[in-house]
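Asker: Residue numbers (my numbering), protein chains in the order written: chain U, 18 to 305; chain V, 1307 to 1562; chain P, 466 to 778.
Simulated from the structure, these hints should not be mistaken for laboratory data.
Small disclaimer: the values here were computed from a predicted structure and weren't measured.
Backbone N, C-alpha and C define an ideal beta-carbon position, used for all residues, glycine too.
Among the hints, erroneous ones may be present.
Said to hold, decoys possible - If you want a taste of the chain V side facing chain U, the calculated C-beta under 7 Å gives, among others: (1) Y1324; (2) L1385; (3) I1389; (4) R1396; (5) N1406; (6) I1422; (7) P1548.
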Amino acid sequence: MINKSLKNKITEKLGFFIITLSVIITLFFLVSIIYLIFTKGFSVISWEFLTSVPRKGMTAGGVAPAIVGTFYLTVGAVLFALPLGLACAVYLNEYSPKGYIVNIIRMSINNLAGVPSVVFGLFGLAVFVKFLGFGVSILSGSLTLGILILPAIISASQEALMAVPRSIREASLALGATQWQTIRKTVIPAAVPGIMTGVILSVGRAAGETAPILFTAATFYKRGYPNSIFSEVMALPYHIYALMTEGTKPELQTPIAYGSALILLAIVLLISAIAIIIRNKYRSSYVH
Amino acid sequence: MSTENNAVRIEAKNVNFYYGNHQAIKNMSINFYDNKVTAFIGPSGCGKSTFIRLLNKMNDLVIGTRVEGNIFLDGDDILDKKIDVVKIRRKVGMVFQKPNPFPKTIFQNIAYGLEINGERNKKKIAQTVEESLRKAALWNEVKDRLHDNALKLSGGQQQRLCIARCLAVEPEVILFDEPCASLDPISTTKIEDLILELKKQYTIVIVTHNMQQAARVSDYTAFMYLGELIEFGPTSKVFTVPAEKKTEEYLSGKFG
Amino acid sequence: MKAALPPPPSKVTGGGGEILYSFKERTIKILFTVLAFASLFFLAGIVFVLFKESLPLFSEVKIFHFLFGKHWYPTYDPADFGVLPLILGSVWVTVGALVVCVPLGIGTALYVYELASARQRQILKPVIEILGGIPSIVYGFFGMLIVAPFVQKLFNIPTGLCALTASVVLGIMAIPTVASISEDALSFVPSSFREASFALGANRWQTLIKVIIPAAASGISTSVILGMSRVVGETMTVLMVSGGSAVIPGSFFDSVRPMTSAIAAEMGEAAVGSNHYHALFAIGLILFFITLIFNAAAEMISKKYRVKLGLDR
């Protein structure tokens, strides 16, 4: 008996040790990635690096056009996906359609979310770049990224709408508001923080994606800044890729890649941290 | 307490209501009079809330329900499928069991009903907000903080705000669905006083679990059991000399 | 008893207004219904485009040869479009990544669920979530500069850009996916299960292994499948660290070219309308169906699981 209970205790200790070890290894990997990029990238970052264009065949100068390009692509993606995603969430949540319609839509959202990003790139290439003739451009890239983040925006919006208590909808309807008035003036305003969280997280995702813009928007080098939605653009993630794989002078280009990676990582981490903070604050304050 | 002087505001005839296969209301006929308070009492699940939610078509929101019969309001049949839901709800206001202010300011809560009606005149809106808050006996407590979030008010204040919000759209009938269920005794008294004041102008229907409350505020009492209207009459009569055995048993606490 | 009539009803409810109102309401509803089908529309669009752009290939190359051909020489003359080396490249890398991300991801989830203090949990959960959002290009960058040289030195091989490196980097990348979904699954297990086990005298470890993990098993397998789906579809990381040789791999030290990296690397050079272009879309089609199957499996398992625990009422 004593032996058995001792054995149980040892197994428990050992098991917990392994679990703890795995969390330590995980954190070690992930933290070391961030640490490495921050320390190596930090020395490269300067005001000039952030605000000037690349020079001398990408071996000197800054990355401003890539930052601007990423900004345009991301904003474009959200402008496209937000109205569509919100409308879809409102339909699913407020107009409570028939069961099989909900199932079809939900199934397509889930599957769209699982499509590999490079396949979105193929779709964008065939449809936006070639068929619709937008060419390799901000427009094509934004639309492609927009479709990519659509499922995330729908789910976040739906979750936010679901969190709005039913009693508030009833209050509005009982006052004689129509359904659309109720949605527009009561339900959506109450859901804004949740929707915002989803949008911000999607922005982070869109900013970091490379594969979908490979064939639809990105270019290795472009003189100056884009001047229309039909221009091709430089983008941070693609810039990193290009510096690492197509460069001719790695000793000069690797530091620039570190700097670009730092900027990209900082943007993405900052964005997701903000989103998570908003969400936590909103979750705790909404109970009444 | 005679009825001859008071016009019938709502007339319900042979109403049946089903949730799927379950019949929640069985062949109910009842009248509601102007300037009178009618209270519904009965054990939980007897269908009293379900019934008053028919009066402003709130049950339309629940999927899988079916209704038969007629409920006339100003000559229109509320249960007619073609009737404009929005029009009915503007005539028949509702105050819910749990206070449900919008997460907006006090002012915006009350102005909401006017805005959805297309009222743009700021002066008119401000005037109606004040009137409604005064009628709901809330004005003195909130006049200095109209632009605070309504969720900061106490539960009792929130419920009076919901009443004021309902008054602002100038309904003919006000339905109270257990309005004091989540309130303390002092707030409850305030709401009851308010109901007695409001009946001078409106037709009032109240669902309550609290028999004393029914006795205090109502002119008529309807006792429901298992989806049926067992007894309906002047409150004084129902409480002192009930005609039905079931009513007597319920009032004396034999079940419920 | 005075019979004061109630105030007149509000003015807007005039005859014409109502019709206009309900017309507007109906129009809006129809508009929303149409927009709600956007996801289906895009999904169908993706399938359609992939088929349309890949079918021309099969008028010249037999499907069997495409799927099981051992040589991928898209730019030779005559070209050879055997996609097997690329499929096997994906398989090797995915299996390798699972070896990394499954134990570490599930271990992390178990720690968060069982051992972490409330405070640790409050920090760990968002940290894992944020780490899941690190762009794949950053992982690729890290893999190229740190992991590859390390692997090269450790095993004394000519280049560190190989299946092993890709597996490790992809595995690390998929940990947050596996960890957060597993943790969700664990936390859905009703606490009554736990209490019942304790009441029978089991210790925490026994409870975890014999009660909690089996109860959460389908949720945990869902996390693994979704992690796998993420790894198979991952592009930039493998493009940067897997080496890029389109040959059937013989060991983890071989350079490989998984399907995603073939598309990403070669699309730039493939002339529109050429067999090569169509072949790359055909690879996209294969990828699409692989991930579709993974997602469907994950969904089916998680549905069954919800019913099992009585969460689907």
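Asker: Against each hint, give a clear statement of whether it holds in the structure.
Answerer: How the hints compare with the structure:
{"no.": "1", "hint": "Y1324", "result": "violated, 19 Å"}
{"no.": "2", "hint": "L1385", "result": "violated, 17 Å"}
{"no.": "3", "hint": "I1389", "result": "violated, 13 Å"}
{"no.": "4", "hint": "R1396", "result": "holds, 3 Å"}
{"no.": "5", "hint": "N1406", "result": "holds, 4 Å"}
{"no.": "6", "hint": "I1422", "result": "holds, 4 Å"}
{"no.": "7", "hint": "P1548", "result": "violated, 32 Å"}
Going through the hint list in order, the structure does not satisfy hints 1, 2, 3, 7.
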